[in-house]
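K.L.:
Residues per chain, in single letters:
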Amino acid sequence: SQQGEEDPQALSIQEGENATMNCSYKTSINNLQWYRQNSGRGLVHLILIRSNEREKHSGRLRVTLDTSKKSSSLLITASRAADTASYFCATDDGTGFQKLVFGTGTRLLVSP
Amino acid sequence: GAGVSQSPRYKVAKRGQDVALRCDPISGHVSLFWYQQALGQGPEFLTYFQNEAQLDKSGLPSDRFFAERPEGSVSTLKIQRTQQEDSAVYLCASSPRVDGTEAFFGQGTRLTVV
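Same order as they appear, the protein sequences are chains R and Z.
Throughout the first sequence, residue numbering follows the working numbering, covering 1 to 112 in sequence.
Throughout the second sequence, residue numbering follows the working numbering, covering 1 to 114 in sequence.
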């Protein structure tokens, strides 16, 4: 498999703090997506950034993409306990096809 | 319902048993994917359908794994002669887009082979 790598593997913060997680990938891509997965639940799509974009915002989320470094970051501002989840980046495999290649994930714990 | 529905939610199978996992995608979604997620890992691609056509099955780990979507809606992932390494969560996702972006995932089926 061609999973990317995410760091940190685990992150523990207090409510109100910002959380930053990073993702690196291996191949050229057309787009990169971030997903959230709560314990026992499916993946929820958060945001998509295309290869020709450098930054994108959605509510409290900010995503950056550096294709020269093959890396992306997800920033969650003013975190809440409800943000506790695992976060995964996912890329297409660069061939123009549809399957997603997921990273190993960052487990975020937000304490009240 | 409005989302992707998978059944059963949990399945315990004895080693050697055959299992069938069902996915009901969002109505009208053209793309359907199956992923396998081992404990503590990210999902890994198994197979992709565009309507009823299985366009990519490169992720299926062995010939014991078989998927179908005969009428372009409901899909079934079948695993024959299950083995312990098949224990994982099996996720189904559907997308209204041909390029499969912004897919909606079901809650998954957790398969435990004992």
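To be clear, the hints were calculated from the coordinates, so they are not data collected in a lab.
Among these hints, one or two may not hold up.
Calculated pairs, EDC-like style, for lysine to aspartate or glutamate (alpha carbon to alpha carbon, straight line, at most 20 Å) [claimed, not checked]:
1) R:LYS70 - R:GLU17
2) R:LYS26 - Z:GLU44
3) R:LYS26 - R:ASP83
4) Z:LYS78 - Z:ASP99
5) Z:LYS57 - R:ASP93
6) Z:LYS78 - Z:ASP24
7) R:LYS56 - Z:GLU102
8) R:LYS70 - R:ASP7
9) Z:LYS14 - Z:ASP24
Residues from chain Z that keep clear of chain R, each with C-beta distances beyond 12 Å, as calculated [unchecked claim]:
10) VAL4
11) VAL12
12) ARG15
13) GLN41
14) ASP56
15) GLU71
16) SER73
17) GLU85
18) ASP86
19) ARG97
20) VAL114
All C-beta atoms in this analysis are idealised placements derived from N, C-alpha and C, irrespective of residue type, glycine included.
K.L.:
Does each hint hold? Answer for all of them.
P.N.:
Here is how each hint holds up against the structure:
| no. | hint | in the structure |
| --- | --- | --- |
| 1 | R:LYS70 - R:GLU17 | violated, 27 Å |
| 2 | R:LYS26 - Z:GLU44 | holds, 15 Å |
| 3 | R:LYS26 - R:ASP83 | violated, 28 Å |
| 4 | Z:LYS78 - Z:ASP99 | violated, 25 Å |
| 5 | Z:LYS57 - R:ASP93 | holds, 15 Å |
| 6 | Z:LYS78 - Z:ASP24 | holds, 15 Å |
| 7 | R:LYS56 - Z:GLU102 | holds, 15 Å |
| 8 | R:LYS70 - R:ASP7 | holds, 14 Å |
| 9 | Z:LYS14 - Z:ASP24 | violated, 25 Å |
| 10 | VAL4 | violated, 7 Å |
| 11 | VAL12 | holds, 16 Å |
| 12 | ARG15 | holds, 24 Å |
| 13 | GLN41 | violated, 6 Å |
| 14 | ASP56 | violated, 6 Å |
| 15 | GLU71 | holds, 20 Å |
| 16 | SER73 | holds, 18 Å |
| 17 | GLU85 | holds, 14 Å |
| 18 | ASP86 | holds, 16 Å |
| 19 | ARG97 | violated, 9 Å |
| 20 | VAL114 | holds, 20 Å |
Comparing the model with each numbered hint stated earlier shows that hints 1, 3, 4, 9, 10, 13, 14, 19 do not hold.
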